[in-house]
Amino acid sequence: MQPLTRQETHISIRSWWSDRNPGLQGPTINIHAMAKPILRRMYHRQALEFVENNRGSPLLSTTLDIYFSYLPLNYVWRSTKVEILWDLVDRAVSEDDARVIVDPPVFNYIAGMLGSQDAENLSQLYRLLFEKLASHESTLPAIWESQACAWLVLLLHDEDTEVISWALRTLTEFSHWSEGAQAIVDSGVRDHVVVLLESPNSDLRKWTCQLVARLEKHELTASAIWEEQKLCERLVSLMHDESPEVTEWATDALVHIAQWIDGAQAIVDAYTLAPVLALLQSQRPNVPEWTCYLVGTLAGHKSIAPNVFELNTLMWLVFLLRDRNFGVVAGATYALSQIAQWSDGAEAIVAAKVLDHVSALLESSNTNVRIWTCEIVKKLATHESTAPAVLRLKLWAGLVSLSREPKVATSAMAALVTIRKWPNREVETLDHIISGFIRPEEERGREQESLKLGDQDLPHLILRANVDRSSNQERALFNDNSDVFRVPYCLRTTSVVVI
Numbered sequence: 001m002q003p004l005t006r007q008e009t010h011i012s013i014r015s016w017w018s019d020r021n022p023g024l025q026g027p028t029i030n031i032h033a034m035a036k037p038i039l040r041r042m043y044h045r046q047a048l049e050f051v052e053n054n055r056g057s058p059l060l061s062t063t064l065d066i067y068f069s070y071l072p073l074n075y076v077w078r079s080t081k082v083e084i085l086w087d088l089v090d091r092a093v094s095e096d097d098a099r100v101i102v103d104p105p106v107f108n109y110i111a112g113m114l115g116s117q118d119a120e121n122l123s124q125l126y127r128l129l130f131e132k133l134a135s136h137e138s139t140l141p142a143i144w145e146s147q148a149c150a151w152l153v154l155l156l157h158d159e160d161t162e163v164i165s166w167a168l169r170t171l172t173e174f175s176h177w178s179e180g181a182q183a184i185v186d187s188g189v190r191d192h193v194v195v196l197l198e199s200p201n202s203d204l205r206k207w208t209c210q211l212v213a214r215l216e217k218h219e220l221t222a223s224a225i226w227e228e229q230k231l232c233e234r235l236v237s238l239m240h241d242e243s244p245e246v247t248e249w250a251t252d253a254l255v256h257i258a259q260w261i262d263g264a265q266a267i268v269d270a271y272t273l274a275p276v277l278a279l280l281q282s283q284r285p286n287v288p289e290w291t292c293y294l295v296g297t298l299a300g301h302k303s304i305a306p307n308v309f310e311l312n313t314l315m316w317l318v319f320l321l322r323d324r325n326f327g328v329v330a331g332a333t334y335a336l337s338q339i340a341q342w343s344d345g346a347e348a349i350v351a352a353k354v355l356d357h358v359s360a361l362l363e364s365s366n367t368n369v370r371i372w373t374c375e376i377v378k379k380l381a382t383h384e385s386t387a388p389a390v391l392r393l394k395l396w397a398g399l400v401s402l403s404r405e406p407k408v409a410t411s412a413m414a415a416l417v418t419i420r421k422w423p424n425r426e427v428e429t430l431d432h433i434i435s436g437f438i439r440p441e442e443e444r445g446r447e448q449e450s451l452k453l454g455d456q457d458l459p460h461l462i463l464r465a466n467v468d469r470s471s472n473q474e475r476a477l478f479n480d481n482s483d484v485f486r487v488p489y490c491l492r493t494t495s496v497v498v499i
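Everything in the sequence shown is counted per this note's numbering, starting at 1 for the first residue and increasing by one.
Please note that a few of the clues may not be correct.
[Claimed, not checked] For lysine to aspartate or glutamate, the following DMTMM-like pairs were computed, each having C-alpha atoms within a straight-line distance of at most 25 Å:
1. Lys81 to Glu131
2. Lys353 to Glu363
3. Lys217 to Glu245
4. Lys353 to Glu384
5. Lys217 to Glu233
6. Lys230 to Asp241
7. Lys230 to Glu245
8. Lys81 to Asp96
9. Lys132 to Glu179
10. Lys217 to Glu228
11. Lys81 to Glu52
Quick caveat, the hints were computed from the structure, so don't treat them as lab data.
Modelling step: build the complete structure from the supplied sequences, incorporating the hints.
Here it is in structure tokens:
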């Protein structure tokens, strides 16, 4: 067989250079490499022209496909991709265009580009686009059904702290909705929570606490979080954190956990109850206040309450009633109002001489203190064993006066209704005392309504606006400009005054 011989080829610049440089291996000029700058320029002009021609018109799926055909290519200029992404960011403001962009193949590509590993440093633009798309309620279901939450959870491993913080904030926003919270839990966020709570970065600790609090709002996802080992223990340790914001939000997360009976039991089982109660004695600003709200939430469960007031809790709560900080006093009255709903707790409150402070607390300049004190009176008057002690105080005149305050009216009236249940010669004159506080109807300017107790009608006491449960009265309770203090988020945004 004849050996294979190379056929003669036409002379070209490429072969001419190679033939005259026998020491070189292969051709030294890559025609494709020479063509790439030309291709980049061509694609750039082509893309800009396409963007300009479609600007102002509704975004179609075919148009979107053409846009995204440029983004994955390495030989498309970064400036070209920037122009395309900015156009998509502008379009994402429109809800109709945003719904087109969250189409699964395209949106999954966007979600995959959110990290800091992007060589072209376009991740910030992708994150901005993601935020715009997620700002529409109609696009959220598609986002949750996609792989977006899984990508966001993966970003919790990112090397860039700013990226992790952004991912946590975004997950926290999604967790406001039960569907979003479920998607987050399904993406395995629980495996990262304790690690992030131990981060040296205070911003990451704070946002992780907020994420835990939001996930605890929903019954379907709450247990998935508190079942994580060491979570409650770590949150309690953060109540000592050097950052006031971390301390506040760690307490808020624990309050959300404690709202559920199983969550409250998880706090007890983690042997964190004693350290929590010890924080009532803390000298750090606001810590005793926030601890009071946590103690009150725990005491709201009948099975947990004995664990709460077995540890000298009442002694410290009574001590805090004399604090100079109105926020601390309000927190203490809230905790006592929760303990008072149980007969043994109510008896312990009377024995601790809390009633010695009630008259002064009802006259407090702080709205929240007056509200929770009314709740204490109402709940103590509910129990046969403690009602006589309440009746002896003759509080009805002060309560009727408070029933004319819009923010306090609901709680004050609830206390009056409960007191009037008990047969007492002095209580029988309550209607007469009440009528002395009522302005003529023509001076009130609004329709009044009566509250019924059994078969008897109480006088028309308060305006319809004061008892309308569909209003935002409870939210307004904590927005009083004269009462500058904060309470845990869940108490700021849920109904906390119940008749």
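Do the hints match the structure? See the list:
1. With a C-alpha separation of about 18 Å, the suggested pairing of Lys81 with Glu131 holds against the 25 Å cut-off.
2. For the hint pairing Lys353 with Glu363, the CA-to-CA distance comes to about 18 Å; that is within 25 Å, so the pair holds.
3. For the hint linking Lys217 to Glu245, the alpha-carbon distance of about 20 Å falls within 25 Å, and the restraint holds.
4. Restraint check for Lys353 and Glu384: satisfied, since their Cα atoms lie roughly 17 Å apart, inside the 25 Å limit.
5. With a C-alpha separation of about 20 Å, the suggested pairing of Lys217 with Glu233 holds against the 25 Å cut-off.
6. For the hint linking Lys230 to Asp241, the alpha-carbon distance of about 17 Å falls within 25 Å, and the restraint holds.
7. At most 25 Å may separate the alpha-carbon atoms for a hinted pair to count; Lys230 and Glu245 meet this at roughly 21 Å.
8. For the suggested pair Lys81 and Asp96, the alpha carbons sit about 23 Å apart, so the restraint of at most 25 Å is met.
9. Restraint check for Lys132 and Glu179: the C-alpha separation of about 19 Å stays at or below 25 Å, so the hint holds.
10. Straight-line distance between C-alpha atoms of Lys217 and Glu228 comes to about 16 Å, which keeps the hinted pair within the 25 Å bound.
11. A C-alpha spacing of about 14 Å is found between Lys81 and Glu52, which places the hinted pair at or below 25 Å, so the restraint holds.
In summary, this structure violates none of the numbered hints.
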